[in-house]
Amino acid sequence: MNEMSLSRLYRRLRSARPHAGVDAHALADTMAHAAGSGTRVGAHHDAVVAQLAVSPAHADLARLLRALEPESALLANHVNDVHRGVVPLRQREARVVARAHPKQAHALRWISGIAASVAVAFGLWTWQGEQQARRSSDVAAAATAQPDRIFTSRDQIFASSDASPRRTARGHDELFRANFARGG
Amino acid sequence: MPQRSDPVHARLEALFVTFGARVKVLLRGYGLDKHGVDMADIEQEVRIRLWHAIERDRSGAFGASYVQRVVASTVIDALRRAQVRATEPLPDEDDDAVEMGADSIGPERSAGDAERMQGIELCMGEIPERRRLPIALHLQGFSLQEIADLAGIASAEAARKLVSRGMEELKTRLRELGYGDFDD
Numbered sequence: 000m001n002e003m004s005l006s007r008l009y010r011r012l013r014s015a016r017p018h019a020g021v022d023a024h025a026l027a028d029t030m031a032h033a034a035g036s037g038t039r040v041g042a043h044h045d046a047v048v049a050q051l052a053v054s055p056a057h058a059d060l061a062r063l064l065r066a067l068e069p070e071s072a073l074l075a076n077h078v079n080d081v082h083r084g085v086v087p088l089r090q091r092e093a094r095v096v097a098r099a100h101p102k103q104a105h106a107l108r109w110i111s112g113i114a115a116s117v118a119v120a121f122g123l124w125t126w127q128g129e130q131q132a133r134r135s136s137d138v139a140a141a142a143t144a145q146p147d148r149i150f151t152s153r154d155q156i157f158a159s160s161d162a163s164p165r166r167t168a169r170g171h172d173e174l175f176r177a178n179f180a181r182g183g
Numbered sequence: 000m001p002q003r004s005d006p007v008h009a010r011l012e013a014l015f016v017t018f019g020a021r022v023k024v025l026l027r028g029y030g031l032d033k034h035g036v037d038m039a040d041i042e043q044e045v046r047i048r049l050w051h052a053i054e055r056d057r058s059g060a061f062g063a064s065y066v067q068r069v070v071a072s073t074v075i076d077a078l079r080r081a082q083v084r085a086t087e088p089l090p091d092e093d094d095d096a097v098e099m100g101a102d103s104i105g106p107e108r109s110a111g112d113a114e115r116m117q118g119i120e121l122c123m124g125e126i127p128e129r130r131r132l133p134i135a136l137h138l139q140g141f142s143l144q145e146i147a148d149l150a151g152i153a154s155a156e157a158a159r160k161l162v163s164r165g166m167e168e169l170k171t172r173l174r175e176l177g178y179g180d181f182d183d
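If you read the sequences in order, they're chains A and B.
For the first sequence, numbering that gives the first Met the number 0 begins at 0 and goes up steadily by one.
For the second sequence, numbering that gives the first Met the number 0 begins at 0 and goes up steadily by one.
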């Protein structure tokens with residue numbers, strides 16, 4: 000049976016013809032640009048595309064490169080991770096800084112020591128102040144509460160000896176007023 | 000090269016082996032094996048070139064575009080070697096060893112195909128340049144999106160219109176010239 004597939008016949012036709020080589024970098028860049036990876040259109044873009052239109056082998060390679068792009072990106076990331084090493088980033092950066100600026104690291108150690116001492120001293124001073132304030136307020140409270148208690152006890156004693164506290168209180172006041180009137 | 004016991008070396012080796020295996024699968028998947036290249040050779044060569052790249056610049060960042068370029072250059076070199084081998088005359092003792100597969104093309108069919116291929120070339124030349132490139136890329140097996148990306152066409156839909164009109168034009172012209180009815 001005759002071959003009637005345009006695609007297959009075209010590829011056979013083109014495979015039989017010698018074709019100019021394609022620059023590997025130009026091809027990779029062209030495919031990266033076509034995939035929208037932000038690569039700028041290279042100077043050889045048109046020549047590469049023209050070659051892809053006539054060379055089945057290079058067309059197959061171009062499609063392979065397009066399919067391989069995610070894996071290439073992944074490999075690049077992994078290789079860079081391995082290069083960065085297994086030490087966590089913060090520790091690594093701290094080491095790098097310490098190695099690059101030993102004098103600064105020494106000064107930093109002093110500053111942090113002084114800051115810690117000041118913080119402890121301030122804490123102690125604040126605590127002492129609070130303790131002192133609490134003690135003096137206790138003393139003042141004790142001094143003012145004592146007469147109240149005496150009066151209260153007196154009132155209670157007085158109240159217990161009298162059947163009518165209201166009358167007693169009025170009588171006491173009257174007596175006080177009488178004295179006052181007499182004196183005054 | 001670093002020591003085999005080096006964990007960094009082991010990790011990189013594992014990454015390159017995985018990547019190489021993926022390249023090999025894609026080489027077969029995109030039919031590169033039909034162009035006379037040795038897939039195992041390419042896989043190994045890609046790994047070696049990636050190692051060399053790392054050895055050259057251990058501190059430099061490893062980019063996806065660089066990985067793509069390594070694969071492209073390795074395959075293009077292999078294609079070049081395959082082309083050279085194909086043009087070299089076979090030694091006399093191997094003449095009898097030329098395998099005639101069950102699906103090999105007989106002389107009659109081969110002559111008919113050659114005639115049709117000639118017709119395709121003639122008719123392709125008559126198609127305006129604007130439509131010729133998208134058709135050629137379509138016949139090479141590129142998808143509409145890939146055609147749009149490569150040929151700088153605004154969208155896959157625009158590429159579809161160009162391709163379908165061009166293919167109709169090509170088929171009509173081939174029919175008119177007596178080459179028969181073709182499929183895509």
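Since the hints were made in silico from the structure, they are not lab data.
Take these hints with a grain of salt, some might be off.
Said to hold, decoys possible - List of simulated lysine to aspartate or glutamate pairs, EDC-like, C-alpha gap at most 16 Å:
| no. | chain 1 | residue 1 | chain 2 | residue 2 |
| --- | --- | --- | --- | --- |
| 1 | B | K170 | B | E156 |
| 2 | B | K23 | A | E70 |
| 3 | B | K23 | B | E44 |
| 4 | B | K23 | B | D5 |
| 5 | B | K23 | A | E2 |
| 6 | B | K160 | B | E128 |
| 7 | B | K160 | B | D180 |
| 8 | B | K170 | A | E2 |
| 9 | B | K160 | B | E120 |
Here is what the structure says about each hint:
A threshold of 16 Å between alpha carbons decides the hint, and for K170 (chain B) with E156 (chain B) the separation of about 21 Å lies outside it, so the pair is violated. Proposed proximity of K23 (chain B) and E70 (chain A) is supported: the alpha carbons are some 13 Å apart, at most 16 Å. Taking the CA atoms of K23 (chain B) and E44 (chain B), the gap is about 11 Å. The hint holds against a cut of 16 Å. With a CA separation close to 27 Å, the supplied pair K23 (chain B) and D5 (chain B) exceeds the 16 Å bound.
Restraint check for K23 (chain B) and E2 (chain A): not satisfied, since their Cα atoms lie roughly 30 Å apart, outside the 16 Å limit. For the proposed pair K160 (chain B) and E128 (chain B), the alpha carbon gap of about 15 Å is at most 16 Å, so the pair holds. Distance check on the hinted pair: K160 (chain B) and D180 (chain B) sit about 21 Å apart at the alpha-carbon level, beyond 16 Å; violated. Our distance criterion of 16 Å between C-alpha atoms is met by K170 (chain B) and E2 (chain A), whose separation comes to about 14 Å.
About 22 Å separates the Cα atoms of K160 (chain B) and E120 (chain B), which puts this hinted pair outside 16 Å; it is violated.
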